[in-house]
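Top line first, the protein sequences correspond to chains A and B.
The first sequence begins at 0 in numbering that gives the first Met the number 0 and counts up by one.
The second sequence begins at 0 in numbering that gives the first Met the number 0 and counts up by one.
A portion of the hints provided could be inaccurate.
What the hints assert, rightly or not - No farther apart than 20 Å at their CA atoms in a straight line, the calculated lysine to aspartate or glutamate pairs in the DMTMM-like style are these:
hint	chain 1	residue 1	chain 2	residue 2
1	A	112	B	55
2	A	1	B	55
3	A	21	A	157
4	B	112	B	87
What the hints assert, rightly or not - A short, non-exhaustive set of chain A residues, derived as facing chain B with CB atoms under 10 Å:
hint	residue
5	47
6	48
7	57
8	65
9	92
10	109
11	122
12	126
13	188
Unchecked claim - A few chain B positions that, by computed beta-carbon distances, are all more than 10 Å from chain A:
hint	residue
14	21
15	90
16	185
17	200
18	203
It is worth saying that the hints were derived from the structure and are not from the lab.
As the structure is a prediction and not an experimental result, all values here were calculated from the model.
A virtual CB, placed ideally from N, CA and C, is assigned to each residue, including glycine.
Protein chains: 2
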Amino acid sequence: MKLHGYFRSSAAFRVRIALNLKGLGAESVPHHLRHGEQRAPEYLCLNPQGFVPALETGGAVLRQSLSIIEYLDETRPTPPFLPAAPLDRAHVRSLALVVACDIHPINNLRVLKYLRREFGADETVIGAWYNHWIGEGFQALEVILQGDARTGAFCYGDAPGLADICLIPQVVNAANYKLDLTPYPLISGIFDRCMALPAFAGAHPSAQADAE
Amino acid sequence: MKLHGYFRSSAAFRVRIALNLKGLGAESVPHHLRHGEQRAPEYLCLNPQGFVPALETGGAVLRQSLSIIEYLDETRPTPPFLPAAPLDRAHVRSLALVVACDIHPINNLRVLKYLRREFGADETVIGAWYNHWIGEGFQALEVILQGDARTGAFCYGDAPGLADICLIPQVVNAANYKLDLTPYPLISGIFDRCMALPAFAGAHPSAQADAE
Chain A
0 MKLHGYFRSS AAFRVRIALN LKGLGAESVP HHLRHGEQRA PEYLCLNPQG FVPALETGGA
60 VLRQSLSIIE YLDETRPTPP FLPAAPLDRA HVRSLALVVA CDIHPINNLR VLKYLRREFG
120 ADETVIGAWY NHWIGEGFQA LEVILQGDAR TGAFCYGDAP GLADICLIPQ VVNAANYKLD
180 LTPYPLISGI FDRCMALPAF AGAHPSAQAD AE
Chain B
0 MKLHGYFRSS AAFRVRIALN LKGLGAESVP HHLRHGEQRA PEYLCLNPQG FVPALETGGA
60 VLRQSLSIIE YLDETRPTPP FLPAAPLDRA HVRSLALVVA CDIHPINNLR VLKYLRREFG
120 ADETVIGAWY NHWIGEGFQA LEVILQGDAR TGAFCYGDAP GLADICLIPQ VVNAANYKLD
180 LTPYPLISGI FDRCMALPAF AGAHPSAQAD AE
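Excised from the complex, chain A in its bound form (with noise of 0.2 Å):
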């Protein structure tokens, strides 16, 4: 396998993860996104978006991390993403859902792009809209988490899954513009139990050939 991404990359980040968590090496084809190599014409060949990740196995080329994670998922069931009832798999998902769909697009580096051109927006402003997005999705997973008697150790029960895999590259964005976690002490806590394990520490950004 090998996984085209960048270090800074959340989304690169969940693949990294989830490939850890199953055990999985894959070499790494890292593309500078600020420098803009993935949209180079052989990457986009590869990948139509420009974005990263892409995994490339079996001859195929898979795009989008959720997809990617729930393909690693079918193909390799131990350790599992996703809970075996259809009622609590939806509630695993729904809660990578809201980091995948409702935080991490709008912060994206090609939106971030659009403000600074379009609007004139300076360090400040893209600041305070990078944690505006950020505090409603976390606020909104605080209170599911805290209502939830399926809600452990980690997102759901104790062990990590596939929330878990969105959600901490998320804590770790928050840090960009030093978003206070104090109001999220169930998110903080999953995150650093997280942490604690090798498979997140070393997807981890900074433990990747490609960090500056």
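Following the hints, complete the assembly by docking chain B onto the known chain A.
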């Protein structure tokens, strides 16, 4: 089942299509998003994000349209929303996620409100923003669909599935600021074929009881 929605919500539109394709009925509970009804305390108990859709079923509340749709597919397998082979499932999920992660959230009502409030964006500026992100997503989708032998009358083969369920509401949204769809002939063709099906036509915003 009770579906909490709003006629204009394209995430609720996805779930309406999914229910129709599975031949399932659900009591419709509309929440007028532009009047802020999704922020009512009773609704926030059901969904702390204050978003629609939410599906009440089996004594649980399911949130996030994609997790609801996967739940419906896991519990009512016919007709399937995803193919059987993991690589194909990943492909279909990735098409759906281009819409669900990389287009829809950036154009959501709350984001447009932020642009108006914090950047003083007028309707011309909002329209440019809106169509920019749809255009980027549709351009990549069109290339992916064109280059993939699995593309058929629908996004995957000759029956509608998860990718079409996400794509069609986004094509309907593209009319909001009159995006020119001629650069996207495959997407346009799939849209026409989907809208010829009662499951899609009956889920259209204009066909809902709360439509204005």
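For each hint, the structure was consulted:
1. With a CA separation close to 39 Å, the supplied pair residue 112 of chain A and residue 55 of chain B exceeds the 20 Å bound.
2. At most 20 Å may separate the alpha-carbon atoms for a hinted pair to count; residue 1 of chain A and residue 55 of chain B exceed this at roughly 41 Å.
3. Between the alpha carbons of residue 21 of chain A and residue 157 of chain A the distance comes to roughly 17 Å, so the proposed pair stays at or under 20 Å and holds.
4. About 38 Å separates the Cα atoms of residue 112 of chain B and residue 87 of chain B, which puts this hinted pair outside 20 Å; it is violated.
5. Against a cut-off of 10 Å between C-beta atoms, the interface hint on residue 47 of chain A holds, since the closest Cβ of chain B lies about 4 Å away.
6. For residue 48 of chain A, the interface hint holds, the least distance from its beta-carbon to any beta-carbon of chain B being 4 Å, beneath 10 Å.
7. Checking residue 57 of chain A against chain B: minimum C-beta separation of about 6 Å stays under 10 Å; hint holds.
8. The interface hint given for residue 65 of chain A is met, as the beta carbon of that residue sits about 6 Å from the closest beta carbon of chain B, less than 10 Å.
9. Checking residue 92 of chain A against chain B by beta carbon gives a least distance of about 4 Å; that is within 10 Å, so the hint holds.
10. Contact between residue 109 of chain A and chain B, as hinted, is supported at the beta carbon level, the nearest pair being about 8 Å apart and thus within 10 Å.
11. For residue 122 of chain A, the shortest C-beta to C-beta distance to chain B is roughly 15 Å, which exceeds 10 Å, and the interface hint is violated.
12. Taking 10 Å as the C-beta cut-off, the interface hint given for residue 126 of chain A is violated, the closest approach to chain B being about 12 Å.
13. Interface hint status for residue 188 of chain A: violated, as the beta-carbon distance to the closest one in chain B is roughly 18 Å, over 10 Å.
14. For residue 21 of chain B, the requirement that its beta carbon stay farther than 10 Å from each beta carbon of chain A is met, with the minimum near 14 Å.
15. Once the 10 Å rule is applied to beta carbons, residue 90 of chain B is inconsistent with being away from chain A; the minimum gap is 8 Å.
16. With 10 Å as the threshold on Cβ separation, the claim that residue 185 of chain B sits away from chain A holds: the shortest Cβ distance comes to roughly 13 Å.
17. The beta carbon of residue 200 of chain B is kept farther than 10 Å from every beta carbon of chain A, the shortest such distance being approximately 26 Å.
18. Against the 10 Å criterion, residue 203 of chain B stays outside the reach of chain A, whose nearest CB is about 22 Å from its own CB.
The structure fails hints 1, 2, 4, 11, 12, 13 and 15 (numbered hints given earlier, in ascending order).
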